[in-house]
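2 protein chains.
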Amino acid sequence: MKKLKFGLSAIGLAVGMAATGLSLPAFAGGPTMSEKDFEETNLKYFQRCAGCHGVLRKGATGKNLEPKNMLKKGQARLEKIISYGTEGGMNNFDDIFSKDEISKLATYIQMEPPVPPEMSLDQMKALTKQFVPLKDYPTKPLHGRNWENFFVVIERDAGKAAIIDGDTKEVIDHIDTGYAVHVIKGTEHHKKDHAKDVGRFWYTIGRDGKVNKIDLWQKPGKMLVAETQMAYDARDIAVSGDGKYVIAGGYWPAHFVIMDAETLEPLKVVSTRGYNTKGEYINEARVAAIYTAPNESAFIVAVKETGKMLQVDYTDLDNLTITAIESAEFLHDGFFDPTGRYFQIAANASNKMVVVDTKDAKLEKMIDVDKLPHPGPGANWIDEKCGPVGGTTHLGVGLVSVWGNDPINHPDQAWKLCYEVETDGAGVFIRTHEKSDYVWADQLKHPEPEVQQSVQVFDKKTREIVKTIRVTEEEGKAALHMEFNQDGTEVWVSVWNRADAKNPTGEIVVYDAKTLKEKKRIKGLTTPTGKFNVFNRANHKT
Amino acid sequence: MKKLKFGLSAIGLAVGMAATGLSLPAFAGGPTMSEKDFEETNLKYFQRCAGCHGVLRKGATGKNLEPKNMLKKGQARLEKIISYGTEGGMNNFDDIFSKDEISKLATYIQMEPPVPPEMSLDQMKALTKQFVPLKDYPTKPLHGRNWENFFVVIERDAGKAAIIDGDTKEVIDHIDTGYAVHVIKGTEHHKKDHAKDVGRFWYTIGRDGKVNKIDLWQKPGKMLVAETQMAYDARDIAVSGDGKYVIAGGYWPAHFVIMDAETLEPLKVVSTRGYNTKGEYINEARVAAIYTAPNESAFIVAVKETGKMLQVDYTDLDNLTITAIESAEFLHDGFFDPTGRYFQIAANASNKMVVVDTKDAKLEKMIDVDKLPHPGPGANWIDEKCGPVGGTTHLGVGLVSVWGNDPINHPDQAWKLCYEVETDGAGVFIRTHEKSDYVWADQLKHPEPEVQQSVQVFDKKTREIVKTIRVTEEEGKAALHMEFNQDGTEVWVSVWNRADAKNPTGEIVVYDAKTLKEKKRIKGLTTPTGKFNVFNRANHKT
Chain Z
1 MKKLKFGLSA
11 IGLAVGMAAT
21 GLSLPAFAGG
31 PTMSEKDFEE
41 TNLKYFQRCA
51 GCHGVLRKGA
61 TGKNLEPKNM
71 LKKGQARLEK
81 IISYGTEGGM
91 NNFDDIFSKD
101 EISKLATYIQ
111 MEPPVPPEMS
121 LDQMKALTKQ
131 FVPLKDYPTK
141 PLHGRNWENF
151 FVVIERDAGK
161 AAIIDGDTKE
171 VIDHIDTGYA
181 VHVIKGTEHH
191 KKDHAKDVGR
201 FWYTIGRDGK
211 VNKIDLWQKP
221 GKMLVAETQM
231 AYDARDIAVS
241 GDGKYVIAGG
251 YWPAHFVIMD
261 AETLEPLKVV
271 STRGYNTKGE
281 YINEARVAAI
291 YTAPNESAFI
301 VAVKETGKML
311 QVDYTDLDNL
321 TITAIESAEF
331 LHDGFFDPTG
341 RYFQIAANAS
351 NKMVVVDTKD
361 AKLEKMIDVD
371 KLPHPGPGAN
381 WIDEKCGPVG
391 GTTHLGVGLV
401 SVWGNDPINH
411 PDQAWKLCYE
421 VETDGAGVFI
431 RTHEKSDYVW
441 ADQLKHPEPE
451 VQQSVQVFDK
461 KTREIVKTIR
471 VTEEEGKAAL
481 HMEFNQDGTE
491 VWVSVWNRAD
501 AKNPTGEIVV
511 YDAKTLKEKK
521 RIKGLTTPTG
531 KFNVFNRANH
541 KT
Chain F
1 MKKLKFGLSA
11 IGLAVGMAAT
21 GLSLPAFAGG
31 PTMSEKDFEE
41 TNLKYFQRCA
51 GCHGVLRKGA
61 TGKNLEPKNM
71 LKKGQARLEK
81 IISYGTEGGM
91 NNFDDIFSKD
101 EISKLATYIQ
111 MEPPVPPEMS
121 LDQMKALTKQ
131 FVPLKDYPTK
141 PLHGRNWENF
151 FVVIERDAGK
161 AAIIDGDTKE
171 VIDHIDTGYA
181 VHVIKGTEHH
191 KKDHAKDVGR
201 FWYTIGRDGK
211 VNKIDLWQKP
221 GKMLVAETQM
231 AYDARDIAVS
241 GDGKYVIAGG
251 YWPAHFVIMD
261 AETLEPLKVV
271 STRGYNTKGE
281 YINEARVAAI
291 YTAPNESAFI
301 VAVKETGKML
311 QVDYTDLDNL
321 TITAIESAEF
331 LHDGFFDPTG
341 RYFQIAANAS
351 NKMVVVDTKD
361 AKLEKMIDVD
371 KLPHPGPGAN
381 WIDEKCGPVG
391 GTTHLGVGLV
401 SVWGNDPINH
411 PDQAWKLCYE
421 VETDGAGVFI
431 RTHEKSDYVW
441 ADQLKHPEPE
451 VQQSVQVFDK
461 KTREIVKTIR
471 VTEEEGKAAL
481 HMEFNQDGTE
491 VWVSVWNRAD
501 AKNPTGEIVV
511 YDAKTLKEKK
521 RIKGLTTPTG
531 KFNVFNRANH
541 KT
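Top to bottom, those sequences are chains Z and F.
The opening residue of the first sequence carries number 1 in UniProt numbering; numbering runs sequentially from there.
The opening residue of the second sequence carries number 1 in UniProt numbering; numbering runs sequentially from there.
With the rest of the complex left out, here is chain Z (with noise of 0.2 Å):
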């Protein structure tokens, strides 16, 4: 068996990824094609189908894709699915990819998928870099900006993080990161443990499993201070209360590792691999999200197939204690209740809220919700009759769905579901601010170029949609994930450039967060996704 390259070298994204290697599966009998075809195929799917299907084709959100079951479908049928779609909530790839490519696809997911490579904590140091040395970090802004209003952009499509002064709405710098940044984390403030200028280093992690570290008193072109990688495909990350270690999770390998968060050196390797909630195992058990317990010397590793919440304990990682708390597969993302006691958190494929009290590492609750609940980063307010509650969009529905989450002064609506609120399309963001009279919640999933471009809100006091924003109208674009300012009067909304994905051709759109209406265009952005509000994500302004 010849050894062939794996995925993400071929387009030079991965750090270090030529050196790993796997076996070309056995082509005798069968669909086949030549090992070039494969190569380029088999990186097309790891960016566009291993999210939902994994690399081992065993499925997750999406279908189980082994080819004991693609066999039976059929290259014809098969390259339908891929093209239209499916009512099940397959997309459809037909603008992604072109017939050959679609056919190819086809033909690869009915051969065997082959194996990633390991990859070792030496092999992680090896890609650990520092470009600016401690001793050179500046010991107060180099700048004169307000840097806590300063927003950290996503700019998916690029490689980038934007830097945006939030006062001045001008973008200041675009970061190199890794390849599709998902998430991008800074220090927070922490009830036991406290932090170093709590708001200045920025975190992100890229779809490649590369961490970048960013330093917001630098001058803008010298932010970028660190790097690293430890994973071939990644997801999470997040910063200890205190600020000293940076954790990040991978889809594969399978496992969290934590780093010094001053150099990114990594310091451990856990795996996640294991059995899930029926005791099954599961080789292809992914880390989905990553958080920082906002209480508890503790991060939180939510792994995707087992169904299991990881509260990692960091105070001593030589004898590292891990509560697995059970919960539901497949878990996916969430945020914390108020008082930062509780994590509320979807597990999207069981239709469910799972509820982990940190204070005493175990489950606390599963709320029963509508189809494939996805929060993003989450809302919490007050309700008149319910208290305070948490909220959700749906991936599946259009539908907020919103639940009691204060068990200690309002123990008979905790945790059971307080309203819903149904909105035009199904969507992926939810956000609010304590400052604020509504919440706000995107229609990204809704295959309607009208309801996707709109984003809406609602009134915490009423309960009803106060207001359908239009956020664009231009073919090819999208509305998603709002992000409220430092003093909560403004709301920031991304408009991806969907058909226009490698050229700046994206904006941020900024409103009045009381009277709702457009403020001002941030452009010049390349599919701007998540923002990161510096001052919001530090006092956990959710």
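Keep in mind that the hints were calculated from the coordinates and are not lab data.
Any given hint might turn out to be false.
Heads up, the list lumps identical chains together, so a pair's fine if it works in one copy or across two of them.
[Said to hold, decoys possible] Only pairs whose alpha carbons sit at most 25 Å apart, straight line, appear in this in silico DSS-like list of lysine-lysine: (1) K523 to K140; (2) K278 to K125; (3) K125 to K135; (4) K125 to K58.
In this text, all values refer to a predicted model and were calculated from it rather than measured experimentally.
Use these hints to put chain F onto chain Z, whose structure you have.
For chain F alone, kept in the frame of chain Z given last:
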């Protein structure tokens, strides 16, 4: 690729193995054999070689045997090594395998290793049986015997456990167990929790992963009360301090399983696959040994290849807390200190004794000892100069190493070598008793029959060998493993009928613990191995 059955099913040892299948490696080019020969040789490899070299042949106690390395050596050289062994520690197999079998094994290890199947919790549940319903358990012993002086004895090659009345020396039962039982453990006294009827229930773990529950209050012939299977290959088992849970560890799949101690119903399975101390991913990360902490509500799980000691809190299985204590490879077997706080375990490839503090769930110390330490049940006693000490035999050298193990009252001596005693041959087991003046060590690993058939006894006071006892002089027999009786007046030594392993021609020789003179020979046993005195084990008389 055709499916072939894995391993043990061929000789009917494993329960439910028939359902498992694996892919036959591709045979194009290179050394090869028929499918039937491959299956038979695979089984032989599994029984005799996998213990040291691993199912995936990555190596552990033995060398890496992957095809890339084996093909270089070639057929003739490999046959020689298998036949006559090596200086490096490989045993000779010319007395165990025929020339034809050796030739096939040499070919087999040049071919790709087949990956054995996984085992789910549901599969284990389907293999769980009650021979005696709980409601029919007796409320007092059904025989008039002093069951606290019973010896539970492994009859290795018969797949049985013998129950011997320590007062009368009668063999009162031979109980069917898994194949080549490695360890049998009973309920023990615990500082916090309290098992009912301590010492009554005993649990066996077969090499084939079969778990059996023995009730010593039943009449002979009725003592086997429940059964399950938790792996295809396993080594150790333990019972929780409260007597509620049984835990067993797998070599393959690499996991541990927590069962209901009443019914043996499997409740929880946890993978041990993960990263070693160098940060390299290990798929075959085998559970070498499992113990119950006498003072904490915790199991101690030693993972051989990763060098991780897992302290598993069993108070909440749904929110399972595990501390992974980083130590050294390859962890093997160990014993608690007299206070029950410190666990002392051999990391035999690192030539270290690892000490874990179960109170704080952290590494206490690593002690450098000689080649391949192996304490078996271990020995603790009081030394006049060093105070409380522990000792180990070594697989690689005829030497007993003795270290201080009382950090509270003898901090200067704690976890430092106190002295060493040279013996005639490398051994596997060491043993003593608080009432005895002597420490006993066997010499099972020495190639000369004369030494292998003798155990050596040294004086705790003079630190010198006072007697070499030739336990047997019969050809093809060896002496191993010592156990004291309830009041510490007798020492029982096993005699393996190596060359006639299928017949009950082995014996146990009973010595007076004071005069060191032979008192009795208990005959009719098949390869008697580990022996467990109910009272001593239940009361931590180590």
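Against the structure, the hints:
1. K523 to K140: Neither way: K523 and K140 sit 30 Å apart in one copy and 84 Å across, limit 25 Å.
2. K278 to K125: between (36 Å within a copy, 12 Å between copies)
3. K125 to K135: Answer is within: at 20 Å inside a copy they meet the 25 Å cutoff, but 59 Å across does not.
4. K125 to K58: between (31 Å within a copy, 24 Å between copies)
Hint check: a violation occurs at hint 1 only; the rest are consistent with the structure.
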